[in-house]
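Asks: Input sequences plus hints: build the corresponding full structure.
Going down the list, the sequences are from chains A and B.
Using the working numbering, read the first sequence as starting at 469 and increasing by one per residue.
Using the working numbering, read the second sequence as starting at 469 and increasing by one per residue.
No lab work stands behind these hints, which were simulated from the structure alone.
Note that beta-carbon positions come from the ideal geometry of N, C-alpha and C, so glycine has one too.
Hints are all accurate, no fakes.
Between beta-carbon pairs, the in silico distance windows are:
{"#": "1", "chain 1": "A", "residue 1": "Ser510", "chain 2": "B", "residue 2": "Gly783", "range": "57 to 63 Å"}
{"#": "2", "chain 1": "B", "residue 1": "Gly509", "chain 2": "A", "residue 2": "Val557", "range": "30 to 36 Å"}
{"#": "3", "chain 1": "A", "residue 1": "Pro784", "chain 2": "B", "residue 2": "Arg701", "range": "49 to 55 Å"}
{"#": "4", "chain 1": "B", "residue 1": "Pro766", "chain 2": "A", "residue 2": "Asp627", "range": "23 to 29 Å"}
{"#": "5", "chain 1": "B", "residue 1": "Ala723", "chain 2": "A", "residue 2": "Gly561", "range": "33 to 39 Å"}
{"#": "6", "chain 1": "A", "residue 1": "Glu722", "chain 2": "B", "residue 2": "Pro700", "range": "39 to 45 Å"}
{"#": "7", "chain 1": "B", "residue 1": "Ala723", "chain 2": "A", "residue 2": "Asp484", "range": "35 to 41 Å"}
{"#": "8", "chain 1": "A", "residue 1": "Glu530", "chain 2": "B", "residue 2": "Glu565", "range": "41 to 47 Å"}
Partner residues are not named here, just some residues of chain A that face chain B (Cβ under 10 Å, in silico):
{"#": "9", "residue": "Leu679"}
{"#": "10", "residue": "Pro681"}
{"#": "11", "residue": "Ala718"}
{"#": "12", "residue": "Thr739"}
{"#": "13", "residue": "Asp742"}
{"#": "14", "residue": "Leu757"}
{"#": "15", "residue": "Thr761"}
{"#": "16", "residue": "Leu762"}
{"#": "17", "residue": "Arg768"}
Take a look at the letters that make up each chain.
Number of protein chains: 2
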Amino acid sequence: MTNDRYLRALRREPVDCTPVWIMRQAGRYLPEYRATRARAGSFLALAKTPELACEVTLQPLERFDLDAAILFSDILTVPDAMGLGLYFVDGEGPKFERPIRSAADVAKLAVPDIGTELRYVTDAVSLIRRELAGRVPLIGFSGSPWTLACYMVEGGGSDNFVRIKAMMFNEPETLHRLLEVVTDAVIAYLAAQREAGAQALQVFDTWGGVLSPAAYREFSLRYLERIARELPRGEGAERTPLVLFGKGNAAHLEALADTGAEGIGVDWLVTLEDARRRIGGKVALQGNLDPATLFASPERIRDEVRATLESYGSGPGHVFNLGHGVTPDVKPEHMKVLVDAVHEFSRVK
Amino acid sequence: MTNDRYLRALRREPVDCTPVWIMRQAGRYLPEYRATRARAGSFLALAKTPELACEVTLQPLERFDLDAAILFSDILTVPDAMGLGLYFVDGEGPKFERPIRSAADVAKLAVPDIGTELRYVTDAVSLIRRELAGRVPLIGFSGSPWTLACYMVEGGGSDNFVRIKAMMFNEPETLHRLLEVVTDAVIAYLAAQREAGAQALQVFDTWGGVLSPAAYREFSLRYLERIARELPRGEGAERTPLVLFGKGNAAHLEALADTGAEGIGVDWLVTLEDARRRIGGKVALQGNLDPATLFASPERIRDEVRATLESYGSGPGHVFNLGHGVTPDVKPEHMKVLVDAVHEFSRVK
Numbered sequence: 469m470t471n472d473r474y475l476r477a478l479r480r481e482p483v484d485c486t487p488v489w490i491m492r493q494a495g496r497y498l499p500e501y502r503a504t505r506a507r508a509g510s511f512l513a514l515a516k517t518p519e520l521a522c523e524v525t526l527q528p529l530e531r532f533d534l535d536a537a538i539l540f541s542d543i544l545t546v547p548d549a550m551g552l553g554l555y556f557v558d559g560e561g562p563k564f565e566r567p568i569r570s571a572a573d574v575a576k577l578a579v580p581d582i583g584t585e586l587r588y589v590t591d592a593v594s595l596i597r598r599e600l601a602g603r604v605p606l607i608g609f610s611g612s613p614w615t616l617a618c619y620m621v622e623g624g625g626s627d628n629f630v631r632i633k634a635m636m637f638n639e640p641e642t643l644h645r646l647l648e649v650v651t652d653a654v655i656a657y658l659a660a661q662r663e664a665g666a667q668a669l670q671v672f673d674t675w676g677g678v679l680s681p682a683a684y685r686e687f688s689l690r691y692l693e694r695i696a697r698e699l700p701r702g703e704g705a706e707r708t709p710l711v712l713f714g715k716g717n718a719a720h721l722e723a724l725a726d727t728g729a730e731g732i733g734v735d736w737l738v739t740l741e742d743a744r745r746r747i748g749g750k751v752a753l754q755g756n757l758d759p760a761t762l763f764a765s766p767e768r769i770r771d772e773v774r775a776t777l778e779s780y781g782s783g784p785g786h787v788f789n790l791g792h793g794v795t796p797d798v799k800p801e802h803m804k805v806l807v808d809a810v811h812e813f814s815r816v817k
Numbered sequence: 469m470t471n472d473r474y475l476r477a478l479r480r481e482p483v484d485c486t487p488v489w490i491m492r493q494a495g496r497y498l499p500e501y502r503a504t505r506a507r508a509g510s511f512l513a514l515a516k517t518p519e520l521a522c523e524v525t526l527q528p529l530e531r532f533d534l535d536a537a538i539l540f541s542d543i544l545t546v547p548d549a550m551g552l553g554l555y556f557v558d559g560e561g562p563k564f565e566r567p568i569r570s571a572a573d574v575a576k577l578a579v580p581d582i583g584t585e586l587r588y589v590t591d592a593v594s595l596i597r598r599e600l601a602g603r604v605p606l607i608g609f610s611g612s613p614w615t616l617a618c619y620m621v622e623g624g625g626s627d628n629f630v631r632i633k634a635m636m637f638n639e640p641e642t643l644h645r646l647l648e649v650v651t652d653a654v655i656a657y658l659a660a661q662r663e664a665g666a667q668a669l670q671v672f673d674t675w676g677g678v679l680s681p682a683a684y685r686e687f688s689l690r691y692l693e694r695i696a697r698e699l700p701r702g703e704g705a706e707r708t709p710l711v712l713f714g715k716g717n718a719a720h721l722e723a724l725a726d727t728g729a730e731g732i733g734v735d736w737l738v739t740l741e742d743a744r745r746r747i748g749g750k751v752a753l754q755g756n757l758d759p760a761t762l763f764a765s766p767e768r769i770r771d772e773v774r775a776t777l778e779s780y781g782s783g784p785g786h787v788f789n790l791g792h793g794v795t796p797d798v799k800p801e802h803m804k805v806l807v808d809a810v811h812e813f814s815r816v817k
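Replies: Dropping the structure here:
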């Protein structure tokens, strides 16, 4: 591979400079993405057509000196393949035609056949790998079981998560059965992405941060632990690293570092210095600039990049990223300032 | 006063059982509130008519054995009085006709004359005090400077707070000038509520939790400290307690306990046991059941109340509350289960 900084950092090996990729780096802030999206006709058509998913995956690599590509897809492909009927209403986010509301709904769920129902994803992974031709590693991903369950039970996004929390309080066994089958599906899905060529795997636990400490351990962490334990990913230098990203996971870093995952992704509500001290060098750390920093002036963006690198400090194991996905109104030039500053300020002389 | 448990708990004095009140206890989940709101014609008319604000403030006390009343009002009355033009669009939350976007906008702001511009609030406070006739204490409140500034700059609610964060990064002096004048207004507003009869004062820092640790200290905490230091509130047993509530404030409890406030309100993302250990008995603690618990069965609500009381442990200084406001679809019977369980399980035998 031409550039393996990202994989080396996740193995906590020395690197010439800190690798950087950005959550949602292929997205609406890029005019070329919006053009491909318009050609596709809809977001789902874009995500479900391997050639177009490949095209948008590669777009940010043409503009920016990024150290990894990430599959363009949606976290809700798994529940969609389980029969929930994913659809998008403009300005309202994702929705499901058939949300999960009862034990009977859960009983009908099964792990989808990844090779047929999610073939468009593994085909995209293979195609992107071929097109990348070893420039940088390709990251595959999935939503976390808890986060997928949130969308499946709420039927879409939510402010207060009262439907899934009512299930959590009143029918915890039903929710655990749902999380078990979703976890089985997530493991099969990530394994299939790895088989198709993904060189690292990330789990997005977007909504773990809405849970009390006890509920987080029981309904989110437990299933992240299962993934880290059961997902086959090889051994030694060939091992495919697994990164657990969670919004609002700062209270749980010690437990996450004990899951067996190779990396933990954190948001901007904790300093990397504090996070690193708490995980004690057990795993790599990914993060963690506030995405709103991209609305700052170039000079200020550079200052914030430097401060983030200094917060992590010297030594291996840091993958630079935002603390959440890049927002749609960001100027692409600002992304370039960020990416270049990461390499400039971290380069080993 | 007939029932001073709430004030005693904030002074960390012994109580016969743990006092409880609920954020947004006067609200849409109550049919009698919806009836008064319909009679008022609009939310703002309800908030701006002292007789009606008094009526809805007292409604939950008729149903539930609550240990405090809280003024019915809105946190955005202060920016409204500063000339921003508060209005509400159904289903979209609050908005301002004239948001703050520039240094020139900030330069035009002044502390409003509380006695005229916010007379409807102090009149409501006096009227509620009279109607309460000493049954329970009355809590006055304000939004925190950072939280008010969020609404003032964003022009309403926000998902990503990119406008105010752009100001934070690019024009920090402008934002500090805004926060200074808002803090002056908040202090004058809380002092006026106290003069009118409020017996405790709470500051709601709803959006402090969207800031990185460094940004929180500079743009939210600094102004909470100013309020705690400068707000006149008497001495000794007559001192009017100040409670700083913050969503997502778990990372900052030690600093909040050092502000000089009498109490800290926490959300459900930290255990009271952990919070209490960290603040070392310096201040009282308020919280912290997940508001979604009210969607659980009565038996489960009781279990969660008991667990929350046990998490705080024995000894004085606990005010029971949710970790955020009660949501509109809650059944009033469930609120009664919660309130009664707090008293039942905490009663000193």
